[in-house]
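**Q** For the protein sequence lines, the chains are A and B, in the order given.
Position 386 of the first sequence, counting from 1, maps to 1501 under the numbering used here, and the rest follow consecutively.
Position 136 of the second sequence, counting from 1, maps to 133 under the numbering used here, and the rest follow consecutively.
Hints are computed from structural coordinates only; laboratory data are not their basis.
Errors might be hidden in some of the hints.
As the list claims (entries may be wrong) - For lysine-lysine, the following DSBU-like pairs were computed, each having C-alpha atoms within a straight-line distance of at most 30 Å:
#, chain 1, residue 1, chain 2, residue 2
1, A, K1496, B, K82
2, B, K197, B, K208
3, A, K1395, B, K125
As the list claims (entries may be wrong) - Examples of chain B residues lying across from chain A (beta carbon under 10 Å, computed):
#, residue
4, L61
5, I86
6, S88
7, D103
8, V112
9, P113
10, I116
11, I119
12, Q121
Said to hold, decoys possible - For each label pair, taking beta carbons as the anchor points, the in silico distance ranges come out as:
#, chain 1, residue 1, chain 2, residue 2, range
13, B, N222, A, K1138, 49 to 59 Å
14, A, R1495, B, E196, 35 to 45 Å
15, B, K45, A, K1496, 26 to 36 Å
16, A, L1485, B, G150, 40 to 50 Å
17, B, S29, A, S1136, 42 to 52 Å
18, A, R1493, B, K45, 33 to 43 Å
19, B, S29, A, K1496, 27 to 37 Å
20, A, Y1381, B, S29, 48 to 58 Å
Built from N, CA and C at the ideal position, the CB exists for glycine as well.
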Amino acid sequence: MSSALVSMLISRKLGIHSSRSAKKRILYNVLLVTLVVASLVFAQLFVVSMSNGIANKYALLGNGHLQVHEKPGTTIPTHPEIVDVQLVAQTFSLVYSPSKNLMVRLKGVESSYFNEERKQALTFLDPPLDANGSTLPQVLLSTTLANLLGVGQGDRIALMMINNTSLRPQLCIVGNLYDSGYKELDENLMFCDISLMEKLFSTKADTYYEILVANNAIRPVRQFLEGEGLSVTSWDQENYAVATNLETSRQAVLGVMIVVAILCGYFISELSRELIEDDKNRIALLKLLGASNALVRSVYFSTVMIVTLISILLGTALGILLGLNLGSMLSWLALRSIPALSFYLLDFPVTIPLLDIAKIVLVLVLVSALSVVWSIRRVRKIPLLQSTRFD
Amino acid sequence: MMKSNEVLSLQGVGKSFPATARGGEPIEILDSINLSLFSATSVAITGKSGSGKSTMLQISAGLLSPQRGKVLFSGQDLTALGDDKLSTIRSRSMGFIFQSSLLLDDFTALENVAVPAMIAGIPQRVAKKRAKKLLESVGLGDRLDHKSDQLSGGERQRVAIARALVNDPLILFADEPTGSLDERNAELIENMLFAMVAEKEVALMLITHNKAFALRCDRVYNLHNRSLEVVQ
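Here chain A stands alone, though its shape is the one from the complex:
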């Protein structure tokens, strides 16, 4: 088989040195596949980034990446990937405002809890109240919870204290408001000083260490801590329903993407079918001149696969480019306060899910290759005498 001839025929099919209509047709197909692939990549990037963003919020504000369930005063061994260790006390409590009462998750934290990493995951809406301005203990509420309770900064709320012997309310003042951007988490999370927790709830509060790790090194750090004889859980165990939902959503979306990729493969096979159908006379002429079916098939296979690969590369690049600009688009949406989006996280760092993108691309390439192989079988059926039917 002459590779030079195959290259020559492919370059003509691709529109190089060819007519304007041939170039237009190829460009149209490249554009179509590029847009489909870009949409797939963008959608996957959006879903994965949002899932990671939600998981990150839960890890940073909810429970930490890892939790060490040991008594206060336990020494947590150092590890290069451990970036923060905080002693935390938490309980569930009824909170009363002048107009409403709600069950909330109350976390007692030390003043160092809101480090730079955590501060990046939320926005404090007001400067905090002067600590000396009131004798009442201060609590930190989310804007979502404050709206539900109908209170604002400086307002008073009551926490129902439960200890071994009694049940009584404790008046507190809303010291500040925060917004993590994720209402599901915000609507029942409240912070106070850990000393208040010890005072109000004593043994009823669950005390543990929250650990933040770097570089997604949850598993090795957990193994290290367990190796040191500590009792450790991870954020996904503590928030099992959320973690499972996120993973299921991610897998479901990836599944849908793969189905769309298969449909895209079908479209690509249609492209090869059209090319062959339009070129029946040319194919018959080449066969008349002695070209084997294999040579003709290789030309059409290569042409369609080159178009597919170029489109996939362009689509992937475009999808990633759009994804990287997702932040500004979401910020714009967040500012609009669209009710339909109120339960979505609109502020998260964009991560490129290379493995998922690779899966989509691989499925596209495989499906395209198989469908093209299937559709170019028809080359064999084109009669040699087709070319002489011009007469």
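Could you slot chain B onto chain A? The hints should help.
**A** Below, chain B without anything else, positioned relative to chain A:
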């Protein structure tokens, strides 16, 4: 048995087609056709339209299979060969010229002539060199880079002749090669064809309505009532 310089031998060839696409009583086109063609000789097949001339050429070139008989090409029975083997024989040993020049319209004249050589596995550089030489010999040395739509009907047919000869075939099949040309161009092509046959010592099977053109061949047959009648 084939004689030493016998290129093509049709032995008792018969062909019929169904009367309609859905079948029906078959229509007999050719019956017990016997014909031998030797290198450096030419044979013309004449006959009325629909008499089966083109069908006979297509069977001779292995483009169609007969229902009966054998088609021996250089001693090989074409009716017993598979697609790939037939492709190889067509590529290396046969040349085709049709009424319509059948050029690849997005290829230049040079590329059109080089394509069969490249199909036969000849390196591109050599194929183009050979194509250039042939195009010069048919008077198209200044038209090498012209595409099909930039050539006149006569020029396109000359490109087709050059293309048919690029692999030094044993036989040329020409089906009404001057059918769509004006008188002057037709004569030019006729002269060129016979000159090439003599020069390259190729066998020529010519299908034509043109009596004068046919009579320039060594032998002339008229296809009538499914059989060949000797004219010359």
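**Q** Does each hint hold? Answer for all of them.
**A** Structure-based check of each hint:
The straight-line distance between the Cα atoms of A:K1496 and B:K82 is roughly 17 Å, inside the 30 Å bound, and the hint therefore holds. Between the alpha carbons of B:K197 and B:K208 the distance comes to roughly 24 Å, so the proposed pair stays at or under 30 Å and holds. A distance of roughly 26 Å separates the Cα atoms of A:K1395 and B:K125; the hinted pair therefore holds under the 30 Å criterion. For B:L61, the shortest C-beta to C-beta distance to chain A is roughly 7 Å, which falls under 10 Å, so the interface hint holds.
Because the smallest distance between the Cβ of B:I86 and any Cβ of chain A comes to about 8 Å, under 10 Å, the interface hint for this residue holds. Because the smallest distance between the Cβ of B:S88 and any Cβ of chain A comes to about 2 Å, under 10 Å, the interface hint for this residue holds. Hint on B:D103 holds. Least Cβ distance to chain A is approximately 5 Å, under the 10 Å limit. Taken as an interface hint, B:V112 checks out: its beta carbon lies about 6 Å from the nearest beta carbon of chain A, inside 10 Å.
Residue-level restraint check for B:P113 holds (minimum Cβ-Cβ distance to chain A is 5 Å; threshold 10 Å). The beta carbon of B:I116 is positioned within 10 Å of a beta carbon in chain A (closest approach about 5 Å), and the interface hint is therefore held. Given hint, B:I119 at the interface with chain A, holds; its Cβ is 8 Å from that chain's nearest Cβ, closer than 10 Å. For B:Q121, the suggested interface contact is upheld, since its CB lies about 4 Å from the closest CB of chain A, less than 10 Å.
A hinted range of 49 to 59 Å holds for the C-beta pair B:N222 and A:K1138, which are about 53 Å apart. Hint check: A:R1495 to B:E196, Cβ distance near 37 Å, so the stated range 35 to 45 Å holds. A beta carbon spacing of about 32 Å between B:K45 and A:K1496 agrees with the range 26 to 36 Å that was offered as a hint. Distance hint check: the CB atoms of A:L1485 and B:G150 are about 45 Å apart, consistent with the given range 40 to 50 Å.
At about 50 Å, the CB distance of B:S29 to A:S1136 agrees with the hint of 42 to 52 Å. At about 36 Å, the CB distance of A:R1493 to B:K45 agrees with the hint of 33 to 43 Å. Taking 27 to 37 Å as the suggested C-beta distance range, the pair B:S29 and A:K1496 conforms, at roughly 31 Å. A hinted range of 48 to 58 Å holds for the C-beta pair A:Y1381 and B:S29, which are about 52 Å apart.
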